[in-house]
Amino acid sequence: MDDLDRQILDVLRRDARTPYTEIGDELGVSEGTIRNRVERLQEEGIIERFTVSTSTGNVKAMIEVDVAVDVDTHAVGDQIAEWPEVDFVWQVSGELDIVVVVDAKNTGRVNELITKTRELDDVTTTKTRLILDETL
Numbered sequence: 299m300d301d302l303d304r305q306i307l308d309v310l311r312r313d314a315r316t317p318y319t320e321i322g323d324e325l326g327v328s329e330g331t332i333r334n335r336v337e338r339l340q341e342e343g344i345i346e347r348f349t350v351s352t353s354t355g356n357v358k359a360m361i362e363v364d365v366a367v368d369v370d371t372h373a374v375g376d377q378i379a380e381w382p383e384v385d386f387v388w389q390v391s392g393e394l395d396i397v398v399v400v401d402a403k404n405t406g407r408v409n410e411l412i413t414k415t416r417e418l419d420d421v422t423t424t425k426t427r428l429i430l431d432e433t434l
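Quick note, my numbering runs 298 ahead of the 1-based positions in the sequence shown.
It is possible that some hints are incorrect.
Unchecked claim - Heads up, simulated DSBU-like pairs for lysine-lysine below, C-alpha to C-alpha not over 30 Å straight-line: (1) Lys358 - Lys403; (2) Lys414 - Lys425; (3) Lys414 - Lys358; (4) Lys403 - Lys414; (5) Lys425 - Lys403; (6) Lys425 - Lys358.
Stated by the list, open to error - Beta-carbon label-pair distances, calculated as ranges: (7) Gln377 - Leu430: 24 to 34 Å; (8) Asp420 - Gly392: 10 to 20 Å; (9) Arg333 - Val367: 43 to 53 Å; (10) Asn356 - Asp313: 15 to 25 Å.
If you're looking for bench data, these hints aren't it; they were derived computationally from the structure.
Even for Gly, the Cβ is constructed at its ideal location relative to N, Cα and C.
With the sequences and hints as input, model every part of the structure.
Right, here's the structure in full:
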């Protein structure tokens with residue numbers, strides 16, 4: 299990955315729907331160059347997906363999850379990722395093992411998701427942080 303790839307990714311992070319012609323104009327290269335680069339970045343798994351960021355007025359929170367030492371954290375994360383309110387599931391290093399970002403209709407629903415997480419057999423503890431503001 300070179301500087302042009304990084305510049306393309308910077309533009310797409312801000313708006314994944316930016317037309318390739320517009321990206322090319324901004325970066326001083328052709329639309330074809332941008333298209334080929336994006337396709338290659340997808341094939342290499344650098345771009346995993348194009349997604350939508352929403353501002354729903356909902357309550358967003360990070361539920362930090364600790365699991366037992368002998369547990370496959372990927373399996374726990376995959377299970378949680380199936381819940382409709384879940385935006386992201388990250389496996390992390392540090393005190394806890396998994397961070398779950400949720401977008402729920404209200405704090406009551408966030409609390410239900412915390413309880414649902416705690417009820418999973420392999421989860422030993424959770425910590426939750428409400429997201430107050432979000433910038434890119």
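Subject >> Hint numbers contradicted by this structure >> reply: The structure breaks none of the hints.
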